[in-house]
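J.: Residues per chain, in single letters:
There are 2 protein chains.
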Amino acid sequence: MGEPVSICEVGPRDGLQMQKAIMPTAVKIEWIVALARAGLREIEVGSFVPPKLIPQMADTGEVVAASRTLEGVSIVALVPNLKGAQRAYESGADAINVPVSVSEAHSRANTNKGSLEQVAEVRAIVDWVRAQERPMKIDAGCATAFGCSIEGTVPIDRVVTVASALAEAGVDGIVLADTVGYGNPAQVRAVVRAVRGAVGGVLDRLHLHDTMGLGIANALAGVEEGIRCFDSALGGLGGCPFAPGASGNIVTEDLVFMLESMGFETGIDLDLLFAAREVLQRGLPETALLGNVAKAGIPKTYHRAA
Amino acid sequence: MGEPVSICEVGPRDGLQMQKAIMPTAVKIEWIVALARAGLREIEVGSFVPPKLIPQMADTGEVVAASRTLEGVSIVALVPNLKGAQRAYESGADAINVPVSVSEAHSRANTNKGSLEQVAEVRAIVDWVRAQERPMKIDAGCATAFGCSIEGTVPIDRVVTVASALAEAGVDGIVLADTVGYGNPAQVRAVVRAVRGAVGGVLDRLHLHDTMGLGIANALAGVEEGIRCFDSALGGLGGCPFAPGASGNIVTEDLVFMLESMGFETGIDLDLLFAAREVLQRGLPETALLGNVAKAGIPKTYHRAA
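Chains A and B supply the protein sequences, listed in that same order.
Once you know that position 242 of the first sequence is 242 in the UniProt record's numbering, the rest is easy, because the numbers rise by one and skip nothing.
Once you know that position 80 of the second sequence is 80 in the UniProt record's numbering, the rest is easy, because the numbers rise by one and skip nothing.
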């Protein structure tokens with residue numbers, strides 16, 4: 001049996017929020033069910049943000065409520081603040097993902113707060129969640145950890161500072177996010193090593209984008225550095241607000257293909273993933289889905305690690 | 001200064017031979033000149049094969065003759081046999097690339113010969129070339145070294161057998177080619193190590209395709225294993241005859257971006273590469289060029305290693 005690697009599908013959140021079209025709630029739920037059927041055990045189904053800012057996510061409460069009945073699947077919601085965390089808890093989410101931008105400029109542009117002010121918000125979320133009856137996992141993402149479209153280069157010691165503050169705040173997991181997709185494999189190795197040196201195993205996930213075509217290579221560097229959880233999106237859904245036409249999140253199908261081919265066990269079935277892709281395409285008929293394995297077909301040399 | 005990595009642009013050969021349209025000779029030459037201007041120091045400009053089989057390559061003699069005047073650029077031609085090698089020599093090529101398919105079935109389908117019969121042809125080419133006045137470099141490619149669309153899995157010991165026979169035949173360099181793009185990074189590491197263990201430094205190049213989306217990750221594995229020469233194609237030109245719509249060679253632009261970002265020195269300028277891309281697009285107006293860096297634009301974090 002291969003070593004397990006967990007993939008969190010973020011298409012319903014990070015993918016859909018970049019789409020002009022708003023996917024109907026029923027199709028979202030059908031898509032999430034198809035993803036669970038393909039073997040995904042973590043799905044980020046939406047975000048609790050003001051609907052005026054991101055109307056695509058206005059139905060997240062309803063989507064979480066419908067998804068949480070899926071057995072063995074952790075339903076994740078992105079929340080920017082305590083209010084969002086409270087809404088996520090009330091809707092029944094299993095886990096929340098709170099982004100903190102390492103780039104000060106990016107942080108202010110997104111949350112009107114500096115990075116360390118946003119860490120204080122994370123601390124308030126941790127305090128509130130821990131006081132509730134039901135447990136809810138709290139992940140915090142170091143956004144723009146590999147570069148920023150506003151500030152440019154993001155120094156590694158700055159990533160270490162923010163990650164250390166998040167670990168001290170008591171989150172369950174820390175994600176390093178290449179929000180704009182500027183990272184390269186050598187940098188992934190260096191940042192993972194530096195942050196792990198500071199916070200240890202609480203660093204457990206990478207969130208990578210394929211803006212420059214290096215997303216899967218960056219995932220390779222990550223898995224070789226010992227990371228065992230990755231975010232990705234079916235059909236590479238997503239994009240970059242600063243680069244129209246650019247690629248989005250790394251493609252779930254291709255990531256599964258690579259990891260299984262290398263002997264890692266994702267628990268995900270490619271054929272059922274293609275079936276989920278059909279649901280997605282039906283929900284977004286105007287969107288060109290990415291993904292090389294889906295286009296070329298599964299080769300006869302492919303065997304799942306399981 | 002970063003460690004140098006050499007990129008051989010194979011678009012004019014491996015890319016164009018897969019196109020339905022035939023690029024006019026003058027545009028080919030204009031494209032090759034633009035590639036040289038961007039810093040490419042090895043360009044595979046065509047192949048000496050029967051024009052009835054591959055009409056796109058009928059003008060290779062003329063293209064080689066025009067390209068060889070480019071200063072400091074090694075002009076490479078693919079040749080399947082002694083006759084092709086003689087034509088390459090007469091046209092003034094600096095180097096030839098002779099493919100030998102490791103998969104017996106693929107070898108017979110492409111050359112009407114088994115793998116080791118084709119090695120005998122390579123031996124005849126080496127003998128003939130070494131007897132000429134002018135030196136001409138001889139590279140031999142282990143095609144289908146990472147899997148075959150006909151046979152499926154290609155055992156590593158079979159790759160080692162063919163590579164060892166090629167080394168014994170006296171070629172200058174050996175290329176491991178993922179002809180159909182089935183390889184994964186763990187396999188790249190394993191095959192490179194096994195072949196290098198058998199033939200040493202004469203193994204000096206990888207030829208990778210992006211059929212399954214792992215091409216750049218496979219290149220990363222290769223460079224981390226010490227390989228310092230890679231084939232790639234501008235705009236990811238190429239494709240796979242067995243998978244219509246599949247991606248072709250790894251994208252030169254994205255490969256340069258990764259290597260330079262990691263501190264390797266390719267000698268290639270991305271902006272001038274984009275200029276060459278415009279020439280290519282003009283020559284193939286119906287073809288959708290691939291490449292994430294070209295779509296997203298060069299990020300402000302990018303610095304050439306040089």
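Since the hints were made in silico from the structure, they are not lab data.
Keep in mind that a hint or two might mislead.
Given that identical chains are not distinguished, each listed pair holds provided it fits within a single copy or across any two copies.
As the list claims (entries may be wrong) - In silico lysine to any residue, SDA-like type, Cα no more than 20 Å apart, as pairs:
(1) Lys113 - Val199
(2) Lys295 - Gly152
(3) Lys52 - Val279
(4) Lys300 - Cys229
(5) Lys295 - Ala243
All values derive from a computational prediction rather than experimental measurement.
J.: Need the list of violated hint numbers for this structure, in ascending order.
T.: 1, 3 and 4
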